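A.B. asks: Residues per chain, in single letters:
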Amino acid sequence: MQPMISAENLRKTYGTLVAVEGWTLDLYPGDIFGFIGPNGAGKTTTIKMLATLIQPTSGSATVNGIDVVRFPREVRPYIGYMPDAFGVYDDIKVWEYLDFFCAAYDPPKESRPEIIERVLTVTDLMEKRDAYVQTLSRGMQQRLCLAKCLVHDPKVLLLDEPASGLDPRARIDIKKLIARLGALGKTIIVSSHILPELADFCNKIGIQERGKLLVSGDVETIVRQLQPTRQLMISVRNDDSAVTRLLETLRDHPLIEKVTRDTDTPYTVRVAFTGNVEQQAILLRSLIAEEHPLTSFAESAMDLEDVFLRVTTGKVH
Amino acid sequence: MTTKVAPSPIDALLRRFPGLKQFVANPIVIRDLRAQMRGSRSYWFMGGYLLLMGILAVSGYAVSTGQSLNPLTYGGDRPAFNIVDAQGKLEGFYYFIFITLSALITLIAPALTAASIVGERQRQSFDLLVTTPLTSGHILIGKLMSSIAFLSLLLILSLPASALCILLGGATLADVFRVYFLLAVDSVILSAIGLFFSCAVPAPLLATIWTYAAVAGYFAATYVAGAMSLSGSTNNFSMPLAPGLEIAWLNPVLAVMPVMNGEGSSLALLTRMVLFLGIASLIIRLLLTASTYRLGLFGAASGPSLRKQILLLTFVTVAGTMYSAASHVTMDMMGYSETQSFTVSSTPILWVMIFPLAVAMPFLPGLFVPATGADAPPGAVANAADEPSRQRRIVWNRAFHTEHSGSMPFYLLWVSTALLGAVIGASFRPGFLSFLSGILIAGGFYAICVGFLIWTLSRLAGSMVTQLSSARATAFALLIAVAGLPMLVLTMGQSSWETNPLTSLWILSPALATDHVGAFTESLVRSGMIAACFGVVAFVIANGISANRRRSARPQA
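Note that the protein sequences, when read in sequence, are chains P and D. The working numbering numbers the first residue of the first sequence as 1 and each following residue consecutively. The working numbering numbers the first residue of the second sequence as 1 and each following residue consecutively.
These are calculated hints, taken from the structure and not from any lab test. Bear in mind the structure is a predicted one, so any value in this text is a computation, not a measurement. The reader is advised that the hints may include incorrect statements.
Claimed, not checked - If we take Cβ atoms under 10 Å as the criterion, some of the chain P residues that face chain D in the derived model are:
#1 M82
#2 Y89
#3 P108
#4 L158
#5 L184
#6 G185
#7 A199
#8 D200
Here a beta-carbon is modelled for each residue, glycine too, at the ideal position from N, C-alpha and C.
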């Protein structure tokens, strides 16, 4: 399958400052790529290069197989770009704003009202159709900008910090919206400097620092790579002696690196397990055979925050 | 499926010629007009404007005809309203109305576009525009068109006031139509100036200041040029193609001056209006291309087109000026008659030779500095991995490339275009060509030598400084030093300029030797040679510096 977005060795320098370097990535239809990095890591520059706004100093990138540097105009109909900071025009209504961008893509004139209705429905702005753009709240303006990105039904969405500056409710709304768009088969790049924001709905992530993509790939692969042990959380019935017995049993297990009693949840033991899934099943079976009063046995959620810190601090040292 | 609606003729036309979409169905125009015309604000504005025009018309009538319109002041020592007296002074009323109108247009037109692009950048909505398939042409023409729409509204609303001139008898219907046409075209030029600075300058306030400065310059230049050519030709309007009037019409105030009645047929007038439209559209086109260049969207290579248009405009201007210089009328105007001995300074030839060069000088170092700096404008460097040797070589077919390193052939083309224009313009008068040929050859030689000097100074600056903007500044400073410092030395000397031996070393010395054709020609050749010598020295130093830099860079790599 042809990658929808493909970048090879993208590099952008401003004078002696290297903003982005050696940026290589392939994304396929349906991929939602979480692009994480601290402020000033070059995320916006990278996204702008893919959005045909900045000419890369060297390297190449294609969107839907079309070269971004050589044919920027041909690439533009395939992308919807949402900048991290954007302005709206005064004295213009929501539908007129969308009509303007719709007209820019030059579809048949009769189809424009339909398209506007569709994107307003998708972004849940239907009741604001005739409101003035400048009267919308920040969250609504973000959604309007996303609606603007959708008027031409692009295959690729480049969303630069779409959830920044939003209240939790609006943040959840926009996350849901992005997940829904990903399910429609669009290739999406979402950047953020806040990791948990992306963890739920991205299937690929990349961590960038100082212009370099430190790691990128499937969420699971990355976590596996950086965290060779599985975190198991094993809970027993509310009984201190049961916990002590469990701790003793586990301490002797050859595949367990470290056992600690969890401080957050009562009667729970945190286990760093080096084995694979089969060995994990064997462990569970043996614990039941030894009649431990188990109430739960679960692999803890992959801790992306941990991964992030590990990768980025590695760079600083 | 919905039923297929037959496309309207306009839709069919747009499908056939997609380029027309920039003008007909431009989304930017629609959006701007929607925002502009909304609500009661525009009614109030138009009402106020109409009221202002009305007050101006009434008070203008009273002032210009010397009549009081207040019945209470009649009688006593004040004479009653004298309609016969007033009719005799209606010309003043015409001037009053139309000069007010042209002043309004001159002030408003550039302001409409001066904030457009820079405003979008400031509002951070510009990136959203760029990522759509709209081209820079769409964006710029859209902005220009919404300004035109507003301006035409202002012009149409002023019709009641100017119609008074027809009604009362100050002007004919044809006069008013002509003036409105000329004012409309002029206002587009002024808007295009605003648009250019809106693209070129980073802050809205600065863009407005630059725009008004440029408009003032444009106004002064067209006024001087137009007034000079008009003063000679108003008595002799039967020359259908003498270029003076077209240039005068470029100035909004001169555009409202009435054309002498009964002189020249209406066909001649129409021809000249077409000619004027041609020159004006060339200027607008040039400004739009320059705006595209400064807009800095990658993927829009406007450099080559900009250069071709500069060549064309130079050719037209120089040919026109030379034709005007060769015609009897202008000769008389400039104080030259065939019986007098010919002095160079009393003809426009000097200006044709020196003036374009002088005007272009501040820009030439910028064009010639090699774009190796990291802050080079978009499209300035064709290939980031441009090896240093390529930048020093002259490659002829690169005259139309965007790179700055391709500028030397462009300069030579520019000089030859100007000379060709001069030859063709001058050839309209028999006997003039043989006289001019000596000056043309010497002038061409001088221009090429000075170009070589600018080129080498720019290379020198480029080899000393790596940042493009600093290199440009350095090149300009070097040029000023070479051209200006001798002037300082000369003025401090005790002897007069003519006798001082240092004068002959000064590259601008032809400007002093305009008393006699022979001396002028000789001075051109001598100064050209000196410029070439300076150029060779600069070239050797620049080569040395860059070779040294390459040598010191090699071990690290």
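A.B. asks: In ascending order, which of the hints set out earlier in this document are inconsistent with the structure?
C.D. replies: Hints 5, 6, 7 and 8 contradicted; others consistent.
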